[in-house]
Amino acid sequence: MKIDIRHIAKLSKIRIEDQEIPKFEKDMERIIGMVEQLPDISGMDLSPNPADAMQLREDVAVSDKYTRNELLANAPQVQAGCIVVPKTVE
Amino acid sequence: MELYQKSAVELSAMLRRKDCSAREILSSVYARIDGAEDRVGAYVTLTREKAFEQADAVDAKIAAGEQLHPLAGIPVGVKDNICTKGVATTCSSRMLENFVPPYNATVVERLMQAGMVMTGKLNMDEFAMGSSCETSYFKKTHNPRDLSRVPGGSSGGSAAAVASGEAVVALGSDTGGSIRQPAAYCGVVGLKPTYGTVSRYGLVAFASSLDQIGPMARTVTDTAMLYGVLCGHDRMDATSVLREYPSFTSGLDGNVAGLRIGVPREYFSAGVDASVKEKVQEALSLLERNGAVIREISLPNTDGALAAYYILACAEASSNLARFDGVKYGYRAKDYTSLNDMYEKTRSEGFGDEVKRRILLGTFVLSSGYYDAYYKKAKLFQKKLSAEFEEAFADCDVIATPTAPNTAFRIGENVDDPLKMYASDVCTVTVNIASLPAISVPCGVDAAGLPVGLQLIGSRYSEQTLLRAAFGYETLVGGFDGVAALS
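Top to bottom, those sequences are chains A and B. Just so you know, we're using the working numbering here: the first sequence kicks off at 1 and counts up by one. Just so you know, we're using the working numbering here: the second sequence kicks off at 1 and counts up by one.
It is possible that part of the hints are untrue.
Stated by the list, open to error - Some chain A residues judged to face chain B by a derived CB distance under 10 Å, without partners named:
#, residue
1, Arg15
2, Glu17
3, Asp18
4, Gln19
5, Pro22
6, Lys23
7, Met28
8, Ile31
9, Ile32
10, Gly33
11, Val35
12, Asp45
13, Asn74
In short, the hints are calculated from the structure, not lab data. Just so you know, even glycine gets a beta-carbon here, dropped at the ideal spot from N, CA and C.
Using the sequences and the hints given, assemble the complete structure.
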């Protein structure tokens, strides 16, 4: 199957340079070729299994566990206690 | 024998008898790290200072006569995708090179409550995507049994640290075999627990419905003890299971009489090395001679599992890794002209090629027009495979297979061929797809002297049975090889 790498990369917010396109295209086509071997399954539905042990959490009030400074310590760019991002509205 | 070569069980007894201190144990492990790390490369970060503080705290408690957990004072390495407060958690990625979490993962809290001593953070394939530890942004880890070969992956640093004596036990994580395959390649024990039994809170997500943290050690008993620390309900993880857990060490009696072992013929197909098949068959014969009942079974859907795995895991990864955008934490590109430009440059520079491939695949299978053909089909397959396993467990207690179709390959051998790399997960991915527990134990070596792994798969929540079976095998072979000599 032919893959439009540029389109998929755009959806993924990943930039792939022109010279890398053939390599990614080849890899992806081989990988898609492998995953296409998945057999068709009939007689199954995807409704949830009531026996699954997932539990809903009880309601518990959320409290502030961290200070603003602790949370901002990992931010790439901070100014006046806020995270700096490029201008989004002209 | 040096302290770093001993098992957690032996060290625990020595601590209680006051034959040694926690500081002496840690000193021995760090001396080994200092002597071996330049050849093995298991760690991304060492936490020497904190570790000695933790060891001294344990010694003070022992001196005060306090009752301690059996694993108190035992050095443990932690895979670098598990969050550690105040200690960098990089996922071996440029994207998180400078990320220092403000909190501990639940499993790390549990290690600390037990009084365990964290030696450092262990190398891995970038974001746990890989089977050889070669996709790490920082370094290659070498297999302690043969330094020219890969340790497996993605928990390659964990397996190598345990095999080389650079840690007594370690935590790994397993999404498609990432604990078991490196355990097999490095000749150690690795347990992938039932989904939901170990909290994922603080584990950097790869494929949330498949990821599970688990223990790695040089003996089954150490593995069982560490699993006992890790498992349990956690309200911080919505998929955490609410149930009571038995003691995982009390049933370890070495007896395999009457144990019903199913052997699925599909796991011994043409793609599995002859030497691997031979060693696994020898292990099964030994178990049979000692009273286990071997039954050949069939799991006909095995063939589709690798395809289903890469669809499900990559679909979830493409969504999970969307959070790495350079805004709130992690790497941010230097020059950009707009928000979109910043996202694209950040992700292109921050992620390695394997991570990009998997995000692209996941995005593709979820994209408009392809969802039914890939993702939905894979989810249906998952149900079918789970039902098939459930049926098989009506007649057997455990299912035995090779852990990997091969033994450790040479560094660089498969790095340019993603499909060849993915094929080394062929025996392990079924377990994650069906949410089952499985353990890998060493079962001898091939002609080149490389370890072969025997995988035992159990039904959901049957870790006790798995550990008993694995311990039975360990007893029959007179124990596994200890720390590698690194010659």
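Violated hints - listed by number, lowest first: 3, 4, 5
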